[in-house]
Amino acid sequence: MGATDRTSGPRVTPEHASPALRALTAAALVLPGLMSPAAHAAEGDEADFQYSRYQEGERHPLSTFLDFNGVPGIRNLPNNNPIEVDSLHGTAKVTLADRVKLVFNYTQDTWSGATPIATAPAAFGMNATGNFTINGPKTTIVTGASPYVQSIGSFGGAAFDARLNPLRLNPDFVSYSQDKRLAHTLSSASPETRKQGDFKLGYEWNEAAVDVGGGISLENDYESRFATLGGRLDFNQKLTTVNLGLSYTNSHTKAVIDHDASPYIDTTAFDHQIGVDDTTGTETLSGNRQDWGANLSLSQVLSKNAVIQTGAGYTRSTGYMENPYKVVEAFFVNPDPNFSGIPGVFLAADGQAHAFLEQRPDVRNQWTWDVRYVQHVPVVDAAVHLGYRYYHDDWGIDAHTFDADWAQPLGRGWTVTPRVRYYSQDAADFYHPFLAVLGDPGTSEERLKKLPGSFSSDHRLSGYGALSGGVTVAKQFAKGVSLEAGFEYYTHEGSLKLGSGGEEDFADFDYWVANAALKVNLSALGGGGAGDHHHHGHHAGHAPAGVMFDHMLSQAGDFMAGYRYMYSRQAGNMLHGESDAGDAAIVAQGCGASACWKAPEEMDMHMHMLDIMYAPTDWLNLMLMPQFMDMHMSLRDLDGATAPAAIPDHGDHPHTTGGVGDTSMYALVKLLDVPGHHSGHHIHAALGVSAPTGDVGIKLRRNHLHDPGFIHYGMQLGSGTWDFKPSLTYTGRLEDWSWGAQLSGTKRLEDSNDVGFAFGDIFQSTAWAGYNPLDWLTFSVRGLYTLQGELKGEFTVPNDRSGPMDFGTSYGGRYWDVGFGVSATVPAGDFQGNRFGVEWLQPVEDDVNGFQLERVGSLSATWSLAF
Amino acid sequence: MNRIKPRWVALLLGAGFFLSACAPIAPWERGNLAKPHMALDPYPLQSAMRAHNYGAREAASGGTGSSGGGCGCY
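As you go down the protein sequences, you meet chains A and B in turn. Position in the first sequence counted from 1, then plus 9, gives you our numbering. Position in the second sequence counted from 1, then plus 866, gives you our numbering.
These are computed hints drawn from the structure, not numbers from a lab. Just to be clear, a hint being listed does not mean it is correct.
Claimed, not checked - Ranges between beta-carbon positions, derived for each pair: (1) A:Leu743 - B:Trp894: 53 to 61 Å; (2) B:Trp894 - A:Leu680: 24 to 32 Å; (3) B:Trp894 - A:Pro782: 49 to 57 Å; (4) A:Tyr780 - B:Trp894: 52 to 60 Å.
Even glycine gets a Cβ: it sits at the ideal position worked out from N, Cα and C.
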């Protein structure tokens, strides 16, 4: 939610003036009731969806090693687990009543990968995993999976010269030479998901507006709540606009200190904030921070071809602003030149590194000033955007940001916008890659007193520059729909800093981001009930929300955009076949030849799908359905079972995965269409393929010095195989009644995916009946039968198989459900034709393969609009 | 703080003088200004996403007057 204020420029025309409002959970959008039929899609009303992927480049920290001849050296480690983030964003902007606007945003990020948690001189060998006898240039060393923040893997100990520059032991094993090179220690994380919902409610006058907003961002270890207040004033015939924004954020950190590293991390400074779980010994660090912000900006139309905006902002942050996962390595160096026995060489008094949780000041005052200029270039009808931002804070950081882009329309609704950005910042006063102080370490309290009051080795607080560039391609379709796609490459380098003094290259990294967005302009689509509006599907009654492909677009050239949300939950008893399964039976039979010790306790799945449908002819529709999903599972211990000694019990941490799922493409073919005024019958077939775009290689992070391997099959994001998905649908109606039936299937086209397994084939049959008490409202009941085969194959690389969910024999089964639904089509007004539906599927009977968790039910919610 | 404030005051005052010199622009002369790619931010969805990425990676994300975004603790 950055830079919201920038969007509200001078109120030149309604088209230009997109207010500083955006938001709305896409899920909330699909609830019928939310928008009354009386609501009108006013200028600016729209629904947007965006997906983006952030992919960091690999980092290769330095480590010490011994070659074949026993000669010590330093080289780069392999690291194949860079940070990646998948994000989904939905926005709805709607006019609730004359002059009252609501914006709702929903954002979801799932990230995983390895990130630096500490820094030390490379010669000290902090990255050598346990031992450092790694021979041969081709030997692969696995590192970064679990942090080693204390052990020194060098051959000469932690050695410094008289000015506390780090030294490296020479191959003669006697002498030392200066080696200032530094290395990050990386730690990787299992996937984690953040979800944010926020809104803004605004009231507009002709030349002014006010808005209030609020939101919440939730992660396992961080919760943030915020409120905003904004105002806008136009004057000077709307050539000048003043915006004021105020914000308050309250954030709570609740971080589990890495179990493998906690014995080696000095947490003394935060002991009063750390709670210890009595049974598991897990240490949790809690902290609270508050941010108060104010921002004032002025926009001015300079000429018929130029606009400028300038603004100033102030934010005061207080409380716990540390990153709870970052530590700073400190070395306590014996000042006695005779201690090492080598002239000019000073050794760490106790021969080891001390890792302290980073300590930042509790107050941060931040000021910004920015200016933005937009110039039209009439000769090519382009727009040039130039921006500059100055930032200053009392942590000692000054930063400058320059950005420029050239927005070039190409005709036929296409616009290409190349962009470049440069950013440079100074280091914070308390940034130290590591600390070296003279003296004995002494007790914890004595050690802390020898260190500065604040210290951090987070490279975000170092001095560096960042250069990024990219391009955005946008296509505006005639019917109020636009697609945007963007790409950006970003490189962070110490040497790119303005002036000198940037951090060394060990902290350099790069990333790329790709994004795609679909924007539907509701006001342009509705057309105020114009006569050419298509009654897609022409059936008075609509199929329940949980039924896909229930209708076709009937006119060549028609489009439909839709959004579908599905939630399903499993919890309660474990089943075996049709009956409850006791723990003893699961232990004995659930895990093949070995004994189970875990069983799933609950599992939730959320799926977001976009439906994009196009009718090239009246008998053929093409459909594209990208998916985004996230899943959450927690396990429990089975009574009377013990984990194998080799596998540590990691305390039932719930697991989360999320990201892009499989992408389906369909062709719908009309087979029979008997339209009529009072009754009608329609049959169509769908032939589809599902492309394996969902990740099936997600692994759990190393924990307790153990790599659990792949996460359970059911927690992977897709099937990993190309799948064939045919279906046959019949719908009929008579007066206020409607009904239908559908047969559908999923046939895996491959025996196994890249990681060794294939889900079972699926067959489904369903039938429903609907009644319309009003023209625009349908209630429905349906029955559903699902048959799915067992999972075939298994992970090619063995994982921890702790329970039935890790065995293919406990996938699939026969399931019976009953669904209750309601759907509505906005009958008139500017929102005419928007269709909403919800359906709850209640399990009636399960007959599962192997041992599976009972189903609680699933919810489907849809929105669609044909145009 | 004190060494910053006068600079801003001067800038805002300067901006005020600058702007007061602008000639009026009639509504029918605002066609170019109304074009979507002439907006101060033509791609607000992407801008918000990029701002979030920068915010998780750069120290100078504060002071925007906006909120949310989570920890970015990676």
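Handout entry: Which numbered hints fail
Key = As far as the earlier hints go, only 2 is violated by this structure.
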